[in-house]
Amino acid sequence: MDIAQKLPQWKAGREDGFDIEPLYINMGPSHPAMHGTVKMVLKLDGETVVGSEVEIGYLHRCFEKTVEMKTWNQVIPYTDRLNYVSPLINNMGYCLAVEKLLGVKVPERTDYIRVIMCELSRIGDHLTCIGAGAMELGALTAFLYFLKARESSWQLIEEVTGARLTISYGRVGGVVRDLPANFAERWAWVRSQVEQNMEEVSVLLNTNRIFLDRMKGVGVMPLDRVLSYGMTGPFARSSGFDYDVRRDEPYFAYDRVRFDVPVRTDGDNWARYQVRMEEIRQSVRIIDQALAQMPEGPVRLEDPKVTLPRKKEVYSNIEALMNHFKLLMPGHGIRPPQGEIYSAVEGGNGELGFWLVSDGGDRPWRVRVRPPCFPIMSGVEELILGEQVADIVPIFGSVNMIGGELDR
Amino acid sequence: MSPANSSPAFAEELRAALGPRLLRVESWQGREAAVVEPEAWLEAVRLLKSRGYDFLMDLSAADYSGFPGHQAPPLGVSLQLFGSGTRRRAWLKAYLPLEGARLATLSDEFACANWYERECWDMFGVEFVGHPHLKRLLLYEEFQGHPLRKDYPILKSQPLIPMRNAVDYESVAAARRAAADEDGLGRG
Numbered sequence: 121m122d123i124a125q126k127l128p129q130w131k132a133g134r135e136d137g138f139d140i141e142p143l144y145i146n147m148g149p150s151h152p153a154m155h156g157t158v159k160m161v162l163k164l165d166g167e168t169v170v171g172s173e174v175e176i177g178y179l180h181r182c183f184e185k186t187v188e189m190k191t192w193n194q195v196i197p198y199t200d201r202l203n204y205v206s207p208l209i210n211n212m213g214y215c216l217a218v219e220k221l222l223g224v225k226v227p228e229r230t231d232y233i234r235v236i237m238c239e240l241s242r243i244g245d246h247l248t249c250i251g252a253g254a255m256e257l258g259a260l261t262a263f264l265y266f267l268k269a270r271e272s273s274w275q276l277i278e279e280v281t282g283a284r285l286t287i288s289y290g291r292v293g294g295v296v297r298d299l300p301a302n303f304a305e306r307w308a309w310v311r312s313q314v315e316q317n318m319e320e321v322s323v324l325l326n327t328n329r330i331f332l333d334r335m336k337g338v339g340v341m342p343l344d345r346v347l348s349y350g351m352t353g354p355f356a357r358s359s360g361f362d363y364d365v366r367r368d369e370p371y372f373a374y375d376r377v378r379f380d381v382p383v384r385t386d387g388d389n390w391a392r393y394q395v396r397m398e399e400i401r402q403s404v405r406i407i408d409q410a411l412a413q414m415p416e417g418p419v420r421l422e423d424p425k426v427t428l429p430r431k432k433e434v435y436s437n438i439e440a441l442m443n444h445f446k447l448l449m450p451g452h453g454i455r456p457p458q459g460e461i462y463s464a465v466e467g468g469n470g471e472l473g474f475w476l477v478s479d480g481g482d483r484p485w486r487v488r489v490r491p492p493c494f495p496i497m498s499g500v501e502e503l504i505l506g507e508q509v510a511d512i513v514p515i516f517g518s519v520n521m522i523g524g525e526l527d528r
Numbered sequence: 170m171s172p173a174n175s176s177p178a179f180a181e182e183l184r185a186a187l188g189p190r191l192l193r194v195e196s197w198q199g200r201e202a203a204v205v206e207p208e209a210w211l212e213a214v215r216l217l218k219s220r221g222y223d224f225l226m227d228l229s230a231a232d233y234s235g236f237p238g239h240q241a242p243p244l245g246v247s248l249q250l251f252g253s254g255t256r257r258r259a260w261l262k263a264y265l266p267l268e269g270a271r272l273a274t275l276s277d278e279f280a281c282a283n284w285y286e287r288e289c290w291d292m293f294g295v296e297f298v299g300h301p302h303l304k305r306l307l308l309y310e311e312f313q314g315h316p317l318r319k320d321y322p323i324l325k326s327q328p329l330i331p332m333r334n335a336v337d338y339e340s341v342a343a344a345r346r347a348a349a350d351e352d353g354l355g356r357g
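Heads up: the sequence lines are chains Y and Z, in that order. Adding 120 to a residue's 1-based position in the first sequence gives its number in my numbering. Adding 169 to a residue's 1-based position in the second sequence gives its number in my numbering.
Check before you lean on any hint, since a few could be wrong.
As the list claims (entries may be wrong) - Here are some of the chain Y residues that sit facing chain Z, going by a computed Cβ distance under 10 Å: (1) 227; (2) 258; (3) 261; (4) 461; (5) 496; (6) 527.
Said to hold, decoys possible - Label pairs and their computed distance ranges (CB to CB): (7) Y:204 x Z:196: 17 to 25 Å; (8) Z:332 x Y:143: 20 to 28 Å; (9) Y:223 x Z:326: 54 to 62 Å; (10) Z:296 x Y:344: 52 to 60 Å; (11) Y:433 x Z:219: 25 to 33 Å; (12) Z:219 x Y:150: 52 to 60 Å; (13) Y:308 x Z:301: 52 to 60 Å.
Bear in mind the hints are in silico, worked out from the structure with no lab data behind them. Even glycine gets a Cβ: it sits at the ideal position worked out from N, Cα and C.
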């Protein structure tokens with residue numbers, strides 16, 4: 121798409137006959153609004169973007185090549201670093217894909233724990249996206265409030281997993297350990313923090329003239345272009361594409377909890393802000409229900425071919441010790457049958473898919489990640505076309521580009 | 170996986186339209202992938218697109234060199250289409266040789282194919298014929314080889330490259346000083 125289609129009123133050159141030479145500007149990779157890892161080469165006519173090229177790959181860490189050298193379980197820590205704002209979703213998504221390949225089903229309690237942890241991550245993801253987006257427009261207060269709310273959710277994640285970001289909490293066949301005994305009380309505190317800060321930020325932003333002017337009608341992506349670009353997640357839902365993997369192809373325990381999928385049709389920054397805000401409320405709702413429904417029971421599969429035996433057993437009986445080594449020695453380990461699987465979960469940005477190919481060995485033949493912000497980023501050139509330079513910042517903020525999953 | 174995921178109806182439609190150019194249907198755990206001849210790639214995608222699979226979910230590849238029991242050419246390009254209305258998925262595959270791997274571009278059909286194909290070119294060296302801007306996406310232009318191929322050694326190092334479009338800063342500074350002198354603005 122070129123500028124003539126997007127902005128028909130724009131004319132190259134002036135009517136008085138003097139041509140204006142376009143100005144080329146490099147925005148990024150070291151630009152505070154580029155979130156560190158993207159470069160945009162902008163072609164400007166005055167303040168209007170009349171062309172651009174987005175360059176990615178600055179955070180490429182050879183994820184897909186590296187994991188071909190690792191065993192199936194060793195991939196888990198690498199998945200934490202895909203979307204580092206909501207690492208638990210990546211973790212659980214990968215484990216789910218391997219479980220499907222193995223053809224095993226995790227205990228019911230694990231499904232609920234996974235739902236709870238994924239939604240906690242989603243809350244953190246959306247809070248970061250909205251908060252940082254508001255900060256880039258000068259609303260530092262909103263950012264601080266949301267970081268405060270996110271901090272509470274991260275503290276809870278830390279209490280469960282032992283880490284804030286590099287959590288590696290998922291395992292093929294379950295999760296590392298059960299939720300702590302006081303989880304429900306701690307969640308009540310986190311919820312009050314999140315709800316309070318959401319309330320405060322809503323009051324600050326929803327009627328703020330500057331914020332509204334910068335968000336409404338800016339960065340519009342119509343539905344047909346969203347479909348053509350293959351966009352999913354909150355970004356696509358704010359343009360009217362009513363698709364959510366959690367509802368349409370339920371996994372874990374999402375078919376047993378009730379939640380709404382917020383959809384807007386405007387497709388602008390404001391719609392994306394509203395959808396994310398509403399999704400936080402829905403995530404809170406999901407966690408409340410999951411906690412109420414969660415049955416007692418084991419949190420991981422007791423299958424000697426999939427999960428490690430308990431340490432107590434390893435130290436006290438020979439079968440468990442042999443089992444332990446059988447799962448850890450090179451050439452042994454988890455060996456999914458030869459085959460392929462595509463498994464998708466709803467990540468913070470949309471459909472996070474894992475395409476796994478197994479040759480029957482202990483290492484993956486191929487791990488392909490379908491990063492949700494990849495197709496969205498591929499549409500940024502079109503999204504910012506015809507907009508003002510200053511509007512690139514809120515538009516790019518609403519894309520929620522995460523370098524880790526985009527560049528892998 | 171839910172039943173909506175594993176509908177082989179798309180394969181039957183492809184068989185009716187393509188005949189023997191639909192080579193076979195691979196089936197793994199209920200997920201069916203239609204393997205088509207590389208020449209029929211674009212035609213197959215257009216057909217599926219007209220049947221409601223109007224959304225390109227993913228396009229990638231895998232190198233099956235040395236994969237146990239693999240008979241076809243090694244480079245398997247895999248495409249996943251999705252019906253935005255029907256919520257159904259369709260998988261399409263084409264196997265290409267490592268040397269001269271070529272496939273028709275889908276960038277006229279789907280806007281996001283542009284980047285997916287650039288990534289596929291970058292990582293696997295599949296040339297998408299007719300692509301408007303087939304340039305490496307995640308790596309840099311001077312990178313040698315296509316790293317996700319199985320014959321790319323994991324410890325291979327890349328040569329140092331000269332500075333791109335290096336600017337002669339000295340002469341730029343001198344020209345600036347001269348211009349400033351001419352304007353009578355002094356040395357800025």
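Do the hints match the structure? See the list:
no. : hint                      : result
1   : 227                       : 19 Å, violated
2   : 258                       : 31 Å, violated
3   : 261                       : 36 Å, violated
4   : 461                       : 6 Å, holds
5   : 496                       : 9 Å, holds
6   : 527                       : 6 Å, holds
7   : Y:204 x Z:196: 17 to 25 Å : 36 Å, violated
8   : Z:332 x Y:143: 20 to 28 Å : 24 Å, holds
9   : Y:223 x Z:326: 54 to 62 Å : 40 Å, violated
10  : Z:296 x Y:344: 52 to 60 Å : 29 Å, violated
11  : Y:433 x Z:219: 25 to 33 Å : 58 Å, violated
12  : Z:219 x Y:150: 52 to 60 Å : 46 Å, violated
13  : Y:308 x Z:301: 52 to 60 Å : 54 Å, holds
Violated hints for the displayed structure, listed by number in ascending order: 1, 2, 3, 7, 9, 10, 11, 12.
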